[in-house]
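A.B. asks: 179 is the number that UniProt numbering gives the last residue of the sequence shown; the numbers go up by one with no jumps.
Please keep in mind that the hints were generated in silico from the structure rather than gathered at the bench.
Please read all numbers here as calculations on a predicted model, not as lab measurements.
Incorrect hints may have been included.
[Said to hold, decoys possible] Straight-line distance between alpha carbons at most 20 Å, and here's what the computed SDA-like set of lysine to any residue pairs gives:
id	residue 1	residue 2
1	K46	L62
2	K92	T133
3	K166	D83
4	K166	C101
5	K139	K92
6	K171	A104
7	K46	V33
8	K130	R117
9	K92	G145
10	K152	K46
11	K92	K166
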Amino acid sequence: MSSQGPIHEYDGIKEEDNHLPNWWLMILFGTIVYGFGYWLVFHTTKSVQTHEDVYRTEIAALKKARQADSAQPLDSFEALLADPAKLEEGKKVFASTCASCHAAEGQGLVGPNLTDRFWLHGNSAEQISKSVTDGFPEKGMPPWGGILGPDKVRKVTAWVLAQKGKNLAGKEPQGDPLE
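Taking the hints into account, I'd like the entire structure generated from these sequences.
C.D. replies: This is the structure in structure tokens:
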């Protein structure tokens, strides 16, 4: 209670002129000091990276890495076909991404047989690479270019080229006969 007595009294309710409790004042002033310090550190001096700054840094590093990957010259298909290690890498990628539809050796399950002389979308290296990269979503083949990247697409293409003409028993011929 204040030493001055009630300021107002109405219906038996008295308004007193009391001081705020000290713990309320400590919280109030502590919050003001903390807010000022936060503003100073994060918005004025920029001495601490915000989440947005970290995000921008990571995106810039990712873009730089992708540019470095795309700037490297890609091996020609002839060089890939002559390199057993790269063909083996292509086979591993084929096994993990393509074999569920084209079978382990490319003889065809749901997808067409890749070992015979019949092709739906062309059998040149560029046409096969385009088929892998862009896919045929309307026929159930997803575009793998964005997932695999250009290097793995070229290795898979080289492996498919190496399988061409093996005529493994599998799915019936589809498409036009090409040599």
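A.B. asks: Each hint: holds or not?
C.D. replies: Okay, the hints, checked on the actual structure:
no.: 1; hint: K46 / L62; verdict: violated (23 Å)
no.: 2; hint: K92 / T133; verdict: holds (17 Å)
no.: 3; hint: K166 / D83; verdict: holds (19 Å)
no.: 4; hint: K166 / C101; verdict: holds (18 Å)
no.: 5; hint: K139 / K92; verdict: violated (24 Å)
no.: 6; hint: K171 / A104; verdict: holds (13 Å)
no.: 7; hint: K46 / V33; verdict: holds (18 Å)
no.: 8; hint: K130 / R117; verdict: holds (18 Å)
no.: 9; hint: K92 / G145; verdict: holds (16 Å)
no.: 10; hint: K152 / K46; verdict: violated (42 Å)
no.: 11; hint: K92 / K166; verdict: holds (19 Å)
Checked against the numbered hints above, the structure violates hints 1, 5, 10; every other hint is satisfied.
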